[in-house]
Amino acid sequence: MAEREKIVDELRLSYEGLFDVNELYLTIDKWFRDKGYDKRELKNVEHVKPGGKFIELWIMPWKKITDYAKIEIKLRIQMSDIKDVEVEKDKHKVKLNQGKIQIVFDGFLTTDYENKWEGKPTYVFLRTLFDKFIYKGYTARFQAQVAEDVNHLHTTIKSFLNLYRF
Amino acid sequence: MTDYNLPQEILKFKGIFDMELLYKSMRDWLTRRGYYFEEPSYKNKPNPMGGVEDEITWVCWRKETDYFKFWITVDFHTWEMKTIEVIEKGKKKKMNQARITIYFNAKVETDYQHRWDKTPFLIWLKNIYEKYIIKPEINNIYTDKLYYYVLKLQNIAKECFKMGTKGSEYGDVW
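Note that the protein sequences, when read in sequence, are chains A and B. If you read the first sequence in the numbering used here, its first letter stands for residue 87, the second for the next number, and so on. If you read the second sequence in the numbering used here, its first letter stands for residue 15, the second for the next number, and so on.
This is chain A alone, in the form it adopts within the complex:
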């Protein structure tokens, strides 16, 4: 089995107020696309409740860095009490949403995702040696890239949500 190392563990972002649900989704989608990630939606639930919509979205896009390592970013997005509202901005009426959001970010570095080194125990042993000593510099660089990507996405979403504040 491929080895999955958690580099970023439950980085959180909470927001309550005005925003556009669809724009937020497309901003995240665009960020992943621009960075060369492949799309993957694990869970997509939407319930219309009397107090507003409840949306739960789990996505886990991935990007192959080499034939041996790939980055996976897991986002667990939960939106609750989402209501449609109309606000006036620059003398124009704009349709927006109001509600609560909570996003949890996890960043993973998955090595040997094609399970090429898992056939025999000697392969596993060799792979660990390879990872720890020979390939150490590369592994550290990949780990840094995971952290950098997750932080950049976190900042992008935070900036997107801040736009609606003022």
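Hints are computed from structural coordinates only; laboratory data are not their basis. In this text the structure is predicted, and so the values were computed from the model without any measurement. Watch out, some of these pointers could steer you wrong.
Listed below are the simulated PhoX-like cross-link pairs for lysine-lysine, each with C-alpha atoms no more than 25 Å apart in a straight line [as the list claims (entries may be wrong)]:
1. B:159 <-> A:121
2. A:160 <-> B:166
3. B:149 <-> B:38
4. A:169 <-> B:103
5. B:26 <-> A:160
6. B:57 <-> B:28
7. A:135 <-> B:107
8. B:121 <-> A:129
9. B:149 <-> A:149
10. A:125 <-> B:26
11. A:179 <-> B:149
12. A:125 <-> B:103
13. B:38 <-> A:150
14. B:176 <-> A:135
Position chain B against the provided structure of chain A, taking the given hints into account.
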């Protein structure tokens, strides 16, 4: 014959939507793209507590080349489905209220004409062919293409439900 299965996509929704629009939009999308369309099962169970439970399965396939065939299976499961009347833009309209889960499964089938499984030598040759010679085409073209097709089909359903997560920035991929 080898199957390359794609990850399953699941969509869940609870609220008011137009089942007829959903059915027609998804079916149209598939037939316009040249998919052969079959509905092998349709179960309708009235619920004594109110509403009906439906289970619909679609099996769709398209011959991509002489060697590759795309399969898409869509399973709809609805609970507590009722027909209600809503007023949209001043007009009365019949809609449905339910809890629905849609499962999207897809696979790429190779050698669907069974030309390469006639002798043990051909089977061995096919293995070599798929593992080493056309592996990049399988991974980067055919499975990738079908995967993004399924995401597009899933997006049609999201649009019918008017979900907040509709749309895609990957729309022009394949």
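Status of the hints after comparison with the structure:
This hinted pair checks out: residue 159 (chain B) and residue 121 (chain A) have alpha carbons roughly 19 Å apart, not beyond 25 Å. Between residue 160 (chain A) and residue 166 (chain B) the alpha-carbon distance is near 21 Å, which keeps this suggested pair within the 25 Å criterion. Between residue 149 (chain B) and residue 38 (chain B) the alpha-carbon distance is near 36 Å, which puts this suggested pair outside the 25 Å criterion. Under the criterion of a C-alpha separation no larger than 25 Å, the hint pairing residue 169 (chain A) with residue 103 (chain B) is consistent with the structure, at around 19 Å.
A distance of roughly 19 Å separates the Cα atoms of residue 26 (chain B) and residue 160 (chain A); the hinted pair therefore holds under the 25 Å criterion. The hinted pair formed by residue 57 (chain B) and residue 28 (chain B) meets the criterion: a straight-line CA distance of about 20 Å does not exceed 25 Å. A C-alpha spacing of about 21 Å is found between residue 135 (chain A) and residue 107 (chain B), which places the hinted pair at or below 25 Å, so the restraint holds. With a C-alpha separation of about 20 Å, the suggested pairing of residue 121 (chain B) with residue 129 (chain A) holds against the 25 Å cut-off.
A hinted pair counts as satisfied when its Cα atoms are at most 25 Å apart, and residue 149 (chain B) with residue 149 (chain A) qualifies at roughly 18 Å. With a C-alpha separation of about 18 Å, the suggested pairing of residue 125 (chain A) with residue 26 (chain B) holds against the 25 Å cut-off. About 53 Å separates the Cα atoms of residue 179 (chain A) and residue 149 (chain B), which puts this hinted pair outside 25 Å; it is violated. Restraint check for residue 125 (chain A) and residue 103 (chain B): not satisfied, since their Cα atoms lie roughly 36 Å apart, outside the 25 Å limit.
Of the supplied pair hints, the one linking residue 38 (chain B) and residue 150 (chain A) is violated, its CA atoms being roughly 37 Å apart against a limit of 25 Å. Distance check on the hinted pair: residue 176 (chain B) and residue 135 (chain A) sit about 15 Å apart at the alpha-carbon level, within 25 Å; holds.
Comparing the model with each earlier hint shows violations of hints 3, 11, 12 and 13; every other hint is respected.
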